[in-house]
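First to last, the sequence lines map onto chains A and B.
Take 134 as the starting number for the first sequence in this note's numbering and just add one per residue.
Take 134 as the starting number for the second sequence in this note's numbering and just add one per residue.
A few of these clues could be false.
Just so you know, same-sequence chains aren't split out, so a pair can sit in one copy or run between any two.
What the hints assert, rightly or not - Pairs of lysine to any residue, SDA-like flavour, derived with a Cα cap of 25 angstroms:
id : residue 1 : residue 2
1  : K268      : C525
2  : K268      : P364
3  : K222      : I295
4  : K390      : T380
5  : K356      : L402
6  : K400      : L175
7  : K403      : A265
8  : K222      : V451
9  : K297      : S221
10 : K219      : T162
Since the hints were made in silico from the structure, they are not lab data.
Note that this is a predicted model, so its numbers are computed, not measured.
There are 2 protein chains.
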Amino acid sequence: MAVQVARVLDVLDGEEAMVQKKSLGIVETQAVTFSPPGGLLLEGGERLSTVTLAYETYGRLNREKTNAILILHALSGDAHAAGFHKGSKKPGWWDAMIGPGKAFDTEKYFVICSNVLGGCKGSTGPASINPATSKPYGLDFPMISIGDMVNCQLHLVEYLGIDKLLCVAGGSMGGMQVLAWLSRFPERIRSAIPIATALKHSPQQIAFNEVGRQAIMADVHWKSGNYYGGPAPARGLSVARMIGHITYMSDASMEEKFGRQRKEAIKPLKFTPNYEVEGYLHYHGDNFIKRFDPNSYLFITKALDNFDASASRPLHQVLRGIDARVLIIAFKSDWLYPAYQSREIVRACKLAGVETSYCEIDSTYGHDAFLLEVEEETYLITHFLKKVFNGCEVTGEYEI
Amino acid sequence: MAVQVARVLDVLDGEEAMVQKKSLGIVETQAVTFSPPGGLLLEGGERLSTVTLAYETYGRLNREKTNAILILHALSGDAHAAGFHKGSKKPGWWDAMIGPGKAFDTEKYFVICSNVLGGCKGSTGPASINPATSKPYGLDFPMISIGDMVNCQLHLVEYLGIDKLLCVAGGSMGGMQVLAWLSRFPERIRSAIPIATALKHSPQQIAFNEVGRQAIMADVHWKSGNYYGGPAPARGLSVARMIGHITYMSDASMEEKFGRQRKEAIKPLKFTPNYEVEGYLHYHGDNFIKRFDPNSYLFITKALDNFDASASRPLHQVLRGIDARVLIIAFKSDWLYPAYQSREIVRACKLAGVETSYCEIDSTYGHDAFLLEVEEETYLITHFLKKVFNGCEVTGEYEI
């Protein structure tokens, strides 16, 4: 069977190549479309006749197909986890962790990053065309769950010809998808790395998401989700994103980065942002509309809030008897997904008899730490993957 | 000089009186208007020709005028701190702390609660009529500061014939006003009780306020502040208030109060709030417009963000040599005004040689604790006030 492999189309040359020497170079997002008979049944009972999933791959699949790692992204992430898109100087969102010689070493492993169902970066979501109406779904898009996202990813993994993944890994919402893989398809994974995540959202986490949703829905341009073709609810999405960014940082990291530094507006009006921290939030809030669909924000945050790894029965009962290894990582200053939530995952795994390692990294970066604490994460993940991979019989040969 | 005294107009009778036996009964908000020659000069350089301040008083001023306590409120508070307004079953915002036999014992002390400049509950603010245009100020209202609020309160205290206050006390923004009294008019106070407050806002505190302001200003009805007479930016204010409420509670108190309990909507639509915590936020958000002016929210939050008790020179230098006693109270689970910010106040007071007591109450209520931890606060404040009041020579006689 034909297997999708890394699309390293080009390499950067000259000076840039020196700086980027551990980069994957130019990569391309791929997409695969599934139309299961009768459509894809969602956990909420609705069906999607056709689902497209965007993904990228890096490195090469070995002949035994035992070196595949699935990377899962957070709320605002996408399939572009590493390398550079042609013409862009901005690498993928986890480039520091994925590439030759990095934590997810593309010289050893075949790394896949899958976008989520409900997203807006190449996968089926509320901005996609509803085949029943030939118009964008908008709010007619069915409610989706973290489980639905993972069910789609299983299609992708099978499409890529992989029977068993060496590892599934991700932070934040990516970590929830890891937990869903672990509880639904334990026979399909050798190991799992949930980072800075939770078995379920606390009321505080639900509350922050709800305020973001309300900000979007309060925008006069939202129009009950029917804004496609007209102006988008950009200001509402911006407010939602600003709230998000506050929760991603910590009190300490904000103090270090901004303090009470002021920025001088050229023509200050009343309530023109005049602190650096305000400027930072505005920058990220205002730019978010360029890359994210407000309706996707609604559907995905609701999937996050509704996720409960122990909903049907306690996770330790679900996990009993599985032989996947688990590495759980949390960060001390993360107050959005506090370490106690990771310890709850540890407890469930240990009770289930799953071989579990836990590390609480002493970072001041808050929730953003899962993107920034590269050195510590690299150390932990490199050794963990090596141990898991050593258990696989491999010839050292690759398909291509 | 005529002195304003408690307006205990009525007492509740029958069964209700039994329940409310420690209540002040019915009280009324008063107002005083000042028109200093040349107008009131604000710290920003602008002037207000006339300023009205709403206030309430409880208890009786003694003949020596040594038993007066000024209570200062938080962002969304008002002059109605205790007792009941006629026809209302909802007591003032600090009724648990102010009244006969309570922490601020109205049988011993004359308690004043002053609304703030910029507010919307009877004091001059952006919704007031601008004498220059005969229309509401809106955004033509001058930028105000915590210092301006306190300068107005000095007018009120002088109007009430009080030369020296026994105490100034308040939580959150009220605590900032206490700090401003302490640094500006130390000769006018015998003691100060700043609760759950800060010398200045951290970038995280600024960030939360800025998101609230943006939510208001993103509302199509805001119209650059010129919404008076038309629909108000209610949804924007609601989002701002919802953010506020998340920061007032703690992760633990939300968990205890709501968990992941769901509420069933009668006709659930997509994104109808379906968790209890969402319902709580909506209730408080949606009701806020009934009692608060969105422009006041902008002006007051900006005054909070701009406050810096050490702006001109370090607070310990400002406070050196003053003989007021200070009691500082913080709460362990308060993450909006974390205890370390109170310890910074303690440090400044100690360095200045001010007699300072500090207590960090072990509460799970978060920032709301200053309104809820009545028993602990009562114990601390009762003893503190007693000690301060013992230093005053009094005959035990009252003016009225």
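The hints, checked one at a time:
{"no.": "1", "hint": "K268 <-> C525", "in the structure": "neither (48 angstroms within a copy, 78 angstroms between copies)"}
{"no.": "2", "hint": "K268 <-> P364", "in the structure": "within (16 angstroms within a copy, 33 angstroms between copies)"}
{"no.": "3", "hint": "K222 <-> I295", "in the structure": "neither (32 angstroms within a copy, 67 angstroms between copies)"}
{"no.": "4", "hint": "K390 <-> T380", "in the structure": "both (15 angstroms within a copy, 21 angstroms between copies)"}
{"no.": "5", "hint": "K356 <-> L402", "in the structure": "between (30 angstroms within a copy, 15 angstroms between copies)"}
{"no.": "6", "hint": "K400 <-> L175", "in the structure": "between (52 angstroms within a copy, 22 angstroms between copies)"}
{"no.": "7", "hint": "K403 <-> A265", "in the structure": "between (49 angstroms within a copy, 19 angstroms between copies)"}
{"no.": "8", "hint": "K222 <-> V451", "in the structure": "neither (44 angstroms within a copy, 51 angstroms between copies)"}
{"no.": "9", "hint": "K297 <-> S221", "in the structure": "neither (34 angstroms within a copy, 67 angstroms between copies)"}
{"no.": "10", "hint": "K219 <-> T162", "in the structure": "within (11 angstroms within a copy, 67 angstroms between copies)"}
Comparing the model with each earlier hint shows violations of hints 1, 3, 8, 9; every other hint is respected.
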